[in-house]
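These are the residues of each chain, in order.
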Amino acid sequence: MTTQQLTGAEMVVKALAELDVEYIFGYPGGSVLDIYDAIFNQDDVEHVLVRHEQAATHMADGYARATGHVGVVLATSGPGATNCVTGIATAYMDSIPMVVLAGQVASSLIGDDAFQETDIVGCSRPIVKHSFSCRSLKDIPNVIAKAFYIANTGRPGPVVVELPKDILIPDHTAAFEMNKDVNLRAYNPNVKGHQKQIRKAVSTITQAKRLVIYSGGGIISANASELLTSLVERLKAPITNTLMGLGGISGLHDNFIGMLGMHGSLEANKAMANADVILALGARFDDRVTNKVEKFCPNATIVHVDIDPTSISKTINAHIPIVGLVDIVMQQLIEEIDAQEYVVDETINQNWWQQINEWRQVKSISYQQDQGKIKPQRVIESLYEVTHGDAYISSDVGQHQMFAAQYYPFKKPRQWINSGGLGTMGFGLPAAMGVKMAFPDAESVCVTGDGSIQMNIQELSTCLQYNLPVKIISLNNRSLGMVRQWQDMIYGGRHSSSYMESLPDFIKLAESYGHIGIQINHLDELDEKLAQAFAIKDRLVFVDILVDEKEHVYPMQIKHGAVDEMWLSKGVKA
Amino acid sequence: MRRILAILLENEPGSLSRIVGLFSQRAFNIETLSVAPTEDASLSRITIVTKGDDRVLEQIVKQVNKLIDVIKITDLTERNHVERELLLVKVLAMTDKARTEVTRITEIFRGSIVDIGKQVYTIELTGDVEKINAFIGILANETEIIESVRSGTVGIARGEKALRI
Ligand SMILES: Cc1ncc(C[n+]2csc(CCOP(=O)(O)OP(=O)(O)O)c2C)c(N)n1
Ligand SMILES: [Mg+2]
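Going line by line, the protein sequences match chains A and B. So the first sequence is residues 1 to 574, counted in the working numbering. So the second sequence is residues 1 to 165, counted in the working numbering.
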């Protein structure tokens, strides 16, 4: 253990280096200038200067989602810290490991409404996994170690660390002492499933006639994709993913029946509604999945595996709850299945698959492309082709997000990066940048809309500074499409403030930021121009694609209905 | 249904606000709340009286447990327990009759008069909620209540069962 005398600011940077942090995403200001000075004096940790603190949080978030490592943010007190709030909430809702280091005014001024003082610990309290207000210089390394440990164990989530200016200044030094083996008596995240529950679950699953596996973001964060695939193959069961869980099993796998929920496939929602046993793995029965809770799968026995006990029986009652890390529990389930020498009953299994294949025949995820305007779905299909399905896709929020989820099969976990829980417009571009920082050689694409892209457009400047050649695929429908869709369906077509007037010339805009802009206006140039854009490897390309503004996302669950009550297209019910 | 929850948590700045915030954020009800450090100064003990059906209570217990500072939570109402609340009440005692009545009622309830002013008596009483409510009701019939303060319920399990690390 080192016992070097360091200032608080130096301790912050050294602690991050000790924790193998590659990048800090941040923005300077008065209360954190000492930290910036300490960053300047070393090479272990690189700082990435964004153009808005919200973008720093989303960049750290995208980095965390792609790598599984903790994303680190640094912001000054007051407005710097409050600008982080949306990004913290976004990470919280999707259980993303993140540590936000926020400056604070000197301890002696706290409570005086000092210049740039806000109670960021208080502001963020409902949207963090935990927070620390560090009040002593010598505590800094261990507080940061604890923050990282909490952020990335159990159900991951954001942790805020508030650092008052007086513990960072050069006047005071202390010995750097850091214990990386964190142990908190009130927090024990390494949970194994209860063996009795495992046995109960396996006997229920193996007796099922119509089993469905329903998996969510927990599979991604637990790196449990391979285990999931092997469980699915052992049971020969159909599997559906939540929006957060896409890529948990390959979207090309025969047993994958698509995403479920509001804009899920008919076969996924039908399978859920008709299942006799549902095995939920790292998913939380979100209202965008269940539709009307009272009508949700009344005849199914639900086995629910989750690390977070609060997710179990919160909205939907679980008959067999199993609290534990989903990878460990799946391992236990597989061992128990093998121990029982279980073999799938082929007749029962084939009957179930025959039924599912009938629902598949409906081809609920489909659209009509005529010679007119480009359909947004078609763009996503072309994007899949041109990237060979291997790109990281970071999405913004709206119709384009749903089209991306529906029409780009994700082959691998962590390939699909989107704000599922909070639905934060403005997430896409900074997230794609974070991915690009993590994997400079990989293709990082931001699928966005004309509304969302303008919520963090200033980051085009950061992309230039750090040479981040992401590809921006904007499905430009000249409107807040998702809002407009709801207005068409529920509000008699009254388009109240959902039309984007005075859109900028995105091509010139991209160019003025030093990037390349390509516009696509006609179907017959779509594939060629996309190929052109992706042939450019070392520059950011903003591809502005004018798509049919009238297109709606289908299928769509009917409000207040059961999970499988869906509109297949305008006025057509399943 | 009324429940008494006993919570043992780290005695850290902000840990109480996390509990209180959680209750308001998730629209859980708090009827009374009492908090103080324990004999181990690194720990605080909170007693919360709340209302809710089994489902709500299950969520409350899980959500509280999920807080990083919380070491243990238990629902005292699930088994035999002792619950007490402290009342301090100041009443008008201007006439001889009023003074005698107040003293008599206080004795019956095994309270004690802890302070006497020119025109007022201050009484201390401990007991469960029913006893305190009954006492206040009777006092209010006999004289005027000037001010009162209740500590909120605290509770502990009967027998060997203990809430500790
Ligand atoms: C920060 C934020 N504000 C508002 C919303 C509500 N909202 C959801 S989708 C949407 C429209 C998005 O428009 P655009 O980015 O153009 O995507 P499109 O639906 O047209 O594909 C809005 C306003 C949101 N999700 N996030
Ligand atoms: Mg749009």
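Everything labelled a hint here was simulated from the structure, so no lab data went into it. Note that CB positions come from ideal geometry on N, CA and C, so glycine has one too. Some hints could be false.
With a straight-line Cα cutoff of 30 Å, these simulated DSBU-like cross-link-like pairs (lysine-lysine) come out [claimed, not checked]:
{"hint": "1", "chain 1": "B", "residue 1": "LYS66", "chain 2": "A", "residue 2": "LYS138"}
{"hint": "2", "chain 1": "A", "residue 1": "LYS559", "chain 2": "A", "residue 2": "LYS537"}
{"hint": "3", "chain 1": "B", "residue 1": "LYS72", "chain 2": "A", "residue 2": "LYS196"}
{"hint": "4", "chain 1": "B", "residue 1": "LYS131", "chain 2": "A", "residue 2": "LYS192"}
{"hint": "5", "chain 1": "A", "residue 1": "LYS180", "chain 2": "B", "residue 2": "LYS62"}
Some residues of chain A that are not near chain B, with every Cβ distance over 12 Å (derived) [said to hold, decoys possible]:
{"hint": "6", "residue": "HIS47"}
{"hint": "7", "residue": "PHE132"}
{"hint": "8", "residue": "LYS138"}
{"hint": "9", "residue": "GLU335"}
{"hint": "10", "residue": "ASN349"}
{"hint": "11", "residue": "PRO409"}
{"hint": "12", "residue": "ILE507"}
{"hint": "13", "residue": "GLN532"}
{"hint": "14", "residue": "GLU549"}
Now the hints, each set against the structure:
1. Taking the CA atoms of LYS66 of chain B and LYS138 of chain A, the gap is near 28 Å; set against the 30 Å cutoff, the hint holds.
2. With a C-alpha separation of about 44 Å, the suggested pair LYS559 of chain A and LYS537 of chain A falls outside the 30 Å cut-off, and the hint is violated.
3. At most 30 Å may separate the alpha-carbon atoms for a hinted pair to count; LYS72 of chain B and LYS196 of chain A meet this at roughly 24 Å.
4. Taking the CA atoms of LYS131 of chain B and LYS192 of chain A, the gap is near 46 Å; set against the 30 Å cutoff, the hint is violated.
5. Under the criterion of a C-alpha separation no larger than 30 Å, the hint pairing LYS180 of chain A with LYS62 of chain B is consistent with the structure, at around 28 Å.
6. Every CB of chain B is more than 12 Å from the CB of HIS47 of chain A (nearest about 28 Å), matching its label as outside the interface.
7. Remark: the non-interface label on PHE132 of chain A conflicts with the geometry, its nearest Cβ contact in chain B lying 9 Å away (cut-off 12 Å).
8. Distance check on LYS138 of chain A: its Cβ is at least 17 Å (rounded) from any Cβ of chain B, clearing the 12 Å threshold; non-interface status holds.
9. Distance check for GLU335 of chain A against chain B: the nearest CB is about 28 Å away, which clears 12 Å, and the non-interface claim stands.
10. For ASN349 of chain A, the requirement that its beta carbon stay farther than 12 Å from each beta carbon of chain B is met, with the minimum near 35 Å.
11. Residue-level check passed: PRO409 of chain A sits 35 Å from the nearest beta carbon of chain B, beyond 12 Å.
12. The Cβ of ILE507 of chain A lies farther than 12 Å from every Cβ of chain B, with a closest approach of about 45 Å, so its non-interface assignment holds.
13. Once the 12 Å rule is applied to beta carbons, GLN532 of chain A is consistent with being away from chain B; the minimum gap is 50 Å.
14. Every beta carbon of chain B lies more than 12 Å from that of GLU549 of chain A, the smallest distance being close to 39 Å; the non-interface claim holds.
The structure fails hints 2, 4, 7 (numbered hints given earlier, in ascending order).
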